[in-house]
Amino acid sequence: MTVWQCFVRGWKGYVKFEGRATRKEFWVFTLVNILLMILLTGTVATVMALVGNPYGVFYAGMAYTIYALALALPILAVGIRRMHDINRSGWWFGGVYLAGIVSRLLNMILMEYASPETYVWMKITLGIVLGWIPLLVMIYLCCVKSKPSPEADNRIVR
28 MTVWQCFVRG WKGYVKFEGR ATRKEFWVFT LVNILLMILL TGTVATVMAL VGNPYGVFYA
88 GMAYTIYALA LALPILAVGI RRMHDINRSG WWFGGVYLAG IVSRLLNMIL MEYASPETYV
148 WMKITLGIVL GWIPLLVMIY LCCVKSKPSP EADNRIVR
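When the letters of the sequence shown are read in order and numbered with the working numbering, they come out as residues 28 to 185.
Do not rely on the hints blindly, as some may be mistaken.
Only pairs whose alpha carbons sit at most 25 Å apart, straight line, appear in this in silico SDA-like list of lysine to any residue [claimed, not checked]:
#, residue 1, residue 2
1, K172, R131
2, K39, C170
3, K43, L153
4, K43, L96
5, K43, M135
6, K43, G88
7, K43, I93
Restraint-style ranges between C-beta atoms, simulated for each label pair [as the list claims (entries may be wrong)]:
#, residue 1, residue 2, range
8, I160, L67, 50 to 56 Å
9, I113, L133, 17 to 23 Å
10, G127, V171, 29 to 35 Å
11, N114, V84, 22 to 28 Å
12, Y94, P175, 21 to 27 Å
13, F44, V156, 22 to 28 Å
14, G79, L132, 39 to 45 Å
Derived from the structure by calculation, the hints contain no laboratory data.
Glycine is no exception: its CB is placed at the ideal position from the N, C-alpha and C atoms.
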């Protein structure tokens, strides 16, 4: 598949959680969208600065947020399909999303009830345990070579 086909296939299957996605399909879709996000925010900020608008960074942040929200479900879908391609449950990829939500909830609780020193140390710990570790595990899993489906092993050859 070409880069364009991988990118389009990711957007076409934006709510398709069953099936499989190859390494190339996942990484092309993810990296092209990250590149587009950077170009979008940079363009909005540059245009606003050239026009003389002092709130260019705000508008760039809004453009980033809108694009990130539009991208959340397609990335989740292609990530879950990628996990299926290595014969893992889609919850492995969904766990990164859940870890981020849990981290934010715990952060709000800490902000309310923890002392400043405890808050700083717990925020660092939460960032590592619920942020970096799941992210690095997911990057590793998304780089794993595709495995044949279990159904392919169960076929009877006649």
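Quiz item: Which of the numbered hints above does this structure break?
Solution: Per hint list: 1, 3, 5, 6, 8, 9, 10, 11, 12 violated.
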